[in-house]
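Fit chains G, X, R, L and F to the supplied structure of chain E, relying on the hints for placement.
Number of protein chains: 6
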Amino acid sequence: MTAAEQESPGRPATRVDLVTFGETMARLENPVVGPMRHARSLDLGIGGAESNTAIGLRRLGATAAWFGRVGDDEFGRLITTALAGEGVRIDHAVVDASAPTALLFKERRSGTLTRVQYYRTGSAGSRLDPADVPHALIRSARVLHVTGITAAISPTARAALDDAVETARDAGVPVSLDLNYRSALWSPDEAGEALRDLVKRADLVFATEAEARLVVAADDPAGLATGLAALGPRDVLVKRGAAGVVASCAGTLHVQPAHRVPVIDPVGAGDAFAAGYLAEFVRGRPVAERLATATAAGAYAVTVRGDWEGLPSRRDLELLKSTEDTVTR
Amino acid sequence: MTAAEQESPGRPATRVDLVTFGETMARLENPVVGPMRHARSLDLGIGGAESNTAIGLRRLGATAAWFGRVGDDEFGRLITTALAGEGVRIDHAVVDASAPTALLFKERRSGTLTRVQYYRTGSAGSRLDPADVPHALIRSARVLHVTGITAAISPTARAALDDAVETARDAGVPVSLDLNYRSALWSPDEAGEALRDLVKRADLVFATEAEARLVVAADDPAGLATGLAALGPRDVLVKRGAAGVVASCAGTLHVQPAHRVPVIDPVGAGDAFAAGYLAEFVRGRPVAERLATATAAGAYAVTVRGDWEGLPSRRDLELLKSTEDTVTR
Amino acid sequence: MTAAEQESPGRPATRVDLVTFGETMARLENPVVGPMRHARSLDLGIGGAESNTAIGLRRLGATAAWFGRVGDDEFGRLITTALAGEGVRIDHAVVDASAPTALLFKERRSGTLTRVQYYRTGSAGSRLDPADVPHALIRSARVLHVTGITAAISPTARAALDDAVETARDAGVPVSLDLNYRSALWSPDEAGEALRDLVKRADLVFATEAEARLVVAADDPAGLATGLAALGPRDVLVKRGAAGVVASCAGTLHVQPAHRVPVIDPVGAGDAFAAGYLAEFVRGRPVAERLATATAAGAYAVTVRGDWEGLPSRRDLELLKSTEDTVTR
Amino acid sequence: MTAAEQESPGRPATRVDLVTFGETMARLENPVVGPMRHARSLDLGIGGAESNTAIGLRRLGATAAWFGRVGDDEFGRLITTALAGEGVRIDHAVVDASAPTALLFKERRSGTLTRVQYYRTGSAGSRLDPADVPHALIRSARVLHVTGITAAISPTARAALDDAVETARDAGVPVSLDLNYRSALWSPDEAGEALRDLVKRADLVFATEAEARLVVAADDPAGLATGLAALGPRDVLVKRGAAGVVASCAGTLHVQPAHRVPVIDPVGAGDAFAAGYLAEFVRGRPVAERLATATAAGAYAVTVRGDWEGLPSRRDLELLKSTEDTVTR
Amino acid sequence: MTAAEQESPGRPATRVDLVTFGETMARLENPVVGPMRHARSLDLGIGGAESNTAIGLRRLGATAAWFGRVGDDEFGRLITTALAGEGVRIDHAVVDASAPTALLFKERRSGTLTRVQYYRTGSAGSRLDPADVPHALIRSARVLHVTGITAAISPTARAALDDAVETARDAGVPVSLDLNYRSALWSPDEAGEALRDLVKRADLVFATEAEARLVVAADDPAGLATGLAALGPRDVLVKRGAAGVVASCAGTLHVQPAHRVPVIDPVGAGDAFAAGYLAEFVRGRPVAERLATATAAGAYAVTVRGDWEGLPSRRDLELLKSTEDTVTR
Amino acid sequence: MTAAEQESPGRPATRVDLVTFGETMARLENPVVGPMRHARSLDLGIGGAESNTAIGLRRLGATAAWFGRVGDDEFGRLITTALAGEGVRIDHAVVDASAPTALLFKERRSGTLTRVQYYRTGSAGSRLDPADVPHALIRSARVLHVTGITAAISPTARAALDDAVETARDAGVPVSLDLNYRSALWSPDEAGEALRDLVKRADLVFATEAEARLVVAADDPAGLATGLAALGPRDVLVKRGAAGVVASCAGTLHVQPAHRVPVIDPVGAGDAFAAGYLAEFVRGRPVAERLATATAAGAYAVTVRGDWEGLPSRRDLELLKSTEDTVTR
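Chains as they are written, first to last, in the UniProt record's numbering: chain E, 1 to 329; chain G, 1 to 329; chain X, 1 to 329; chain R, 1 to 329; chain L, 1 to 329; chain F, 1 to 329.
Check the hints yourself; a few may be wrong.
Said to hold, decoys possible - Below, simulated SDA-like cross-link-like pairs (lysine to any residue); rule was C-alpha separation at most 25 Å, straight line:
#, chain 1, residue 1, chain 2, residue 2
1, X, 321, E, 210
2, G, 200, G, 156
3, X, 321, E, 185
4, E, 321, R, 185
5, F, 321, G, 240
6, R, 321, X, 314
7, E, 321, R, 210
None of these hints come from the bench; they were simulated from the model.
So that you can see chain E by itself, here it is in the shape it has in the complex:
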């Protein structure tokens, strides 16, 4: 086995299973729970919904490419280094020397509450432009994965999003959409309209219950899933945290419970879920397997601090079934 064949290689894949794009940020968070101003130091990493999902696919053996803009600064270099290190193709990522890389501060305020603050106004990532979209790459992918965040960060980014989605549709590449509503970026009304338009053009849709309600009205998760599916997508996944997931896939309802694990950091669970689902989707696996891997990936993500660091490899998925508390590798 070459290093490139295991879960975190760096080898350039000739063909890419998943293409995604968006804004990835430097992430700074307090190492000890409490008000951030009492921290003497902040841990440094990276985070971004789309690149988290790309890493998730790589860990599970699929290939992935990410594009977007970063600043010509240490934080931009941190992002490209981390993604390349995880084996995500970044050959279409752009270094924009005229704007800084965006920042994401995570304040772990208590064991169960995280507060988030962005420094992303005018950032390099929000300057994403249709000219940055690599059409050939998208056309060759097994799936294009986008999120609602990109529609919210700037008009040029939304134009790039439209361009990418249309490119995929024209080429018959399935479009995966995670609604990912961020209240700091737009209002529920603005978001509702834009997301509804995106859902109509998507083949797979991921949403929390609250996000689903921005687009459709329904009393319960099953109603939300059905309502979204009625807009066009073949697969709709309504995520309910510890309560599991309700899915409408090719017209059939599925209910999948969540794993019971000690939650250390809930951020990134949604991206992990999408990664697990899509990792099986690109391999052509059936719905039951997609849901199983998606919930397992979500479970792994929340047991480790960091948005993506705890994402599982195929071997890690085996461990979740173990009853032992100590394993010799």
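Using the frame of chain E, we list chains G, X, R, L and F on its own:
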């Protein structure tokens, strides 16, 4: 500019300037100077003479590929992640599930003394085999860079070294050799014989004065450089630490002083020097420029803890000329 | 809004809602659970029951002043810096050059057990003297808050306590008393007598069940609350940890359950409870609101390491009602 | 009281309650839960089943000696320093200059799962030899404690194990055996045969249910205990984690529940259990007391990170009965 | 002595020696020298030229007030907490809920080079407005201290600067100006014009040689000092780092050498110098004493990491004269 | 070689080369240079002039015993654990349950200045009593080592000092005295008288120039050495830091230069010097060798943080002669 065009991209280069190989290890060192047993924790990183040099070239804008074996463990994954993150191609690196990744402990015993201990007996890296050598890759390179360490770690590794060198020579690819004598691996006598044989087949040779004396006898650095050059290599670089370098290049002697910088960690200076020299060599730059970049890279490497973390980008080289102590980027 | 109007300003208030005093100590604790001798470093902060409560009031928008003695050393400066930083008025704090600042070691021995060791014999704080009592300040306050600890640390401190209490009573300023029994400082018998005398002169009394039993005999929390109230105080709060609180306020019994939160550090919960209660008391809010804020403040305090660092602002109190696990500020 | 009379003295005991031996390793683990390659530093300590148990006896007031081989390196010195510091006699420990000290990496992969990797092939500890066995010391002990690990690490170590056991039996010294099966060292079949042979020669046997099944077949813990006892040992302890222990002691079955404590690190619980049991055994205490101390010691061990650091003193055992969450010492 | 009378009190002074204002930022820097992207965590503090100087005066026993805008976020609270803790009056500081607090990243790139990156575009601090200027406070001060940075961050900030300077001049309060050129904020030409205008209205001027050349042309430091003084200021201080200072004070030239100290962090030396000079100026001390305290304060500042943390108290100034390397306090 | 035969064994020696006693303290210091109140955590260790010297002898292969009192707390256990771990015999150390272990705070105020604060009033160590003196142990030693500190900490400690010295003299055991003047404990006049009396009864005396002047008057180091020797001691060592040492040994003057090393922490250099000298003295080595080892040990001590952690083994002494900056062990 795309991310791949700046100093630490992840984009797969279609053609590779430098190919190198050898054993890269997980590196553990005490964060505070003193006996290692008084440390409560050890800092974790990676190190390996050849991969350090490959990273050095990437930072300076050249492309590089590294191959070798790592274990199927977290340390192996750390190595492939770090190298891919720095944009070094690792598609020919091998994961050997039957042996662990080697370890390198660096004990910073005082401000001026470092003690090194290896756990590399029977390691994955020492199981490198001629079957691992990627002939096409080597044939397409602008230079093949090897070190004496590979000749010392195992018979199969030495066979792989011979195979790689012959492949390069057959294809007209220049061979660069850093003698890199390690007393823990073999005796001066064993080393002397093997290194002499390698020098004869090399086009560029890097050596400290002590290493040069393993191969040739001479009274002074100039004599050592001339003596080594007489064995065949076009360029011979005799490194003298703070005293600079004496070189014999295409029959002409050059003397280059070192930069005066505060030394924090001397480990890695030689690899940085080679990287600086080769980064200009592959661009076809004249000897004066090669020597200037080599000494600047060496100066950067010693001002930062870590074997390769402090290696400079082209922009960093500019800073060395600055008289300011604070720079706004 | 000026900085002074938000929850942690530094602006000198012209009038002070709460005046308190006592011994505040430098606090050192092991960052990782286990026997303290295995710690390689100890975290440094400050702690003192009275100053914790003063900070609690500031966070909730009230004004507060603290006085007491600290040594002319780095620990004394740490205390005055931290209190002034939190906006607690310290203009009557005294620097006593003839004695050191007291120390408090907190050994987190297991997830549920904390051991405490003091270095406070002969400390600057225990040299508090009636001459240090600022009569005008006390007379202008909305409430004077004292604890039983001050009665125990030295005869001069007890004399100062008596002086302050009598000054408040003469001026019609309500006296708040937290029994705060410390077994390292005096015996149950000594404490019982002294505390009984203080309860008789107080308007508000805070006590755990065990502390209440030092003063009155009763079978259950309600009996303890009623028994203490019979000695004179208008409001008596009997704290029962996770079991909530039983209060006798103006002759009426109230029962308030505690919030269910993950406990990280139980130290400081009582001081937070008193702060929450008094923050509403000085605003003239009704009993139900006082109890609600008191239990919410107690809940916040235990979710964060440190005696006071986790005390909530008004905005934080809102978060306790949130069902989200991630909030964008 | 002299320092030597309290729980962690350094005074050489004239007579030793427990003698044990085996391989003790330097232990490196990630401080924050997650994949080890994401750690920037690893915490350094020591660990070894037999020396953990020796420390456990010292903490509980008994005397103990450990022997085995360590390398002539910082890790060997760390081991001898730590054991001597805990008051374990190491006068028969051997420094073997021709091999390195073994390493143990503990990867805390999630809140409930630990992965272990060894670097112990060819280690100093595995070179233990019958010539290292101190016969006089063993003959003077109250109990000899061995584990199945020693039978697995090398043929010479197994020969030393046989020699020690026979020496004890000849001298009428009871032999205590903890099966301690390690899958990385041998197969279940190899282990089953060797362990069965050891059980027959032991007086006290400690085993998990899974380990017991390597030697005897039975449906339930009681059957396993009875089955092992039928092979010869007077006391057999079948450990069931949070489900407590089932014991067959002198022909009588005992069932002891476990304490309910928050588990931080399960590694070392078995060694602590053996230490608690043997600490009472060497004092001639009855079975009920042995089981009580054993389960209490096991409870303490899991509440603290580290294999032995959290082992309790006699005073700590008292704390387990406390209902307070803060104690002043 | 009360706490308010020593060097870091929190007591509100009835009259303020120095009033200053500007933008203070949260400061994040890598704890270990090297490229910032290799840091796993960044140390958190605050920094701002004007507030650094205010703290410097407080440490030396003078009183000081600072105003400016901070965001309604943890970084804003960190700034107000730190300044209030150091005894700087912040009652006119403004919390601006519509913009974030600015950030300052310090990358310690090598032992002698620091790179700085700002996130201050659109920050709360740059929204400073003439309406924020507290005229009464300025009129009551002994000196108003401003820097050229405020002229550069925004038009409203420059208007506030003009308003404050005119208010001081009208009231006969001396104006102190530190040129503090920041190349990231404006061009040399823009700065030259604006600073020249400010110099004309100032009574005391602090400048490096390079900064002085933005305003006047001269061959040497003495020429620069004389040239600036010719524009109007009574005292002009031209700072030359390790080469000391050349001053033109009331028409007389002074040359003061620098102290020889090991430099750990050069940032903040200029602010410390100004603080030392002004601390003596407000006490009416002669020029020689002002220069002596200024150079001593500058020396202290560079021996400690952080922009202001190492600023000396009066007692610390005594230590600089000590020949001992260990002092018992 | 057994572990007990190398430099840090734990084996109880049957005979002890050096016996010493005094007060050993828990040591807390700021990890980053600057005012201690800005530290977020303090590093924890132990320190004491006499026990430092005892450890120094152990590292150099001699045997040593220390006695004194520690509190029945974690700091006392830290001290006994650390000393026993270093192989120092502590069987006559006493745990005094009625007083706390003393504390020593080291504030690294700048690169060249350390401030020290004690919490030792009423400490366990100062309660040392003649009844604690182990007469048989002293009579069997090759040298008794005492310091002037013990004469200063309490009347009972001084009585114990007298008892120990007389016991040694009666038994013909040489008495070694390090003057070790501490200004926090007594005045120069008090100290001068007491130390003069001790010098008269000592065989070997260690003093800095300033300490020597407390006892005798002389113009230069040679005069001081001669003057002290005239009071009785055979060997007098006058230490001059980087200027080396001047000694009067058996009537002959010796001058020994110091090694040139980068100084990280000057504390402990004197104890290391005494250890080096005495390690050769107990082996009967000549003066030149004693001085060489003494200065080498002093050089090692200052290159590492901590009072004793950097003390050299015999092997380390060899390294001081090395010209390499990297050594493979």
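Each hint tested on the structure:
About 17 Å separates the Cα atoms of residue 321/X and residue 210/E, which keeps this hinted pair within 25 Å; it holds. Restraint check for residue 200/G and residue 156/G: the C-alpha separation of about 21 Å stays at or below 25 Å, so the hint holds. At most 25 Å may separate the alpha-carbon atoms for a hinted pair to count; residue 321/X and residue 185/E meet this at roughly 23 Å. Taking the CA atoms of residue 321/E and residue 185/R, the gap is near 23 Å; set against the 25 Å cutoff, the hint holds.
Distance restraint check for residue 321/F and residue 240/G: the Cα-Cα separation of roughly 20 Å lies within the 25 Å cut-off, and the hinted pair is therefore satisfied. Taking the CA atoms of residue 321/R and residue 314/X, the gap is about 39 Å. The hint is violated against a cut of 25 Å. The suggested pairing of residue 321/E with residue 210/R holds, with an alpha-carbon distance near 18 Å, which does not exceed 25 Å.
Figure legend: structure checked against the earlier numbered hints; the only hint not met is number 6.
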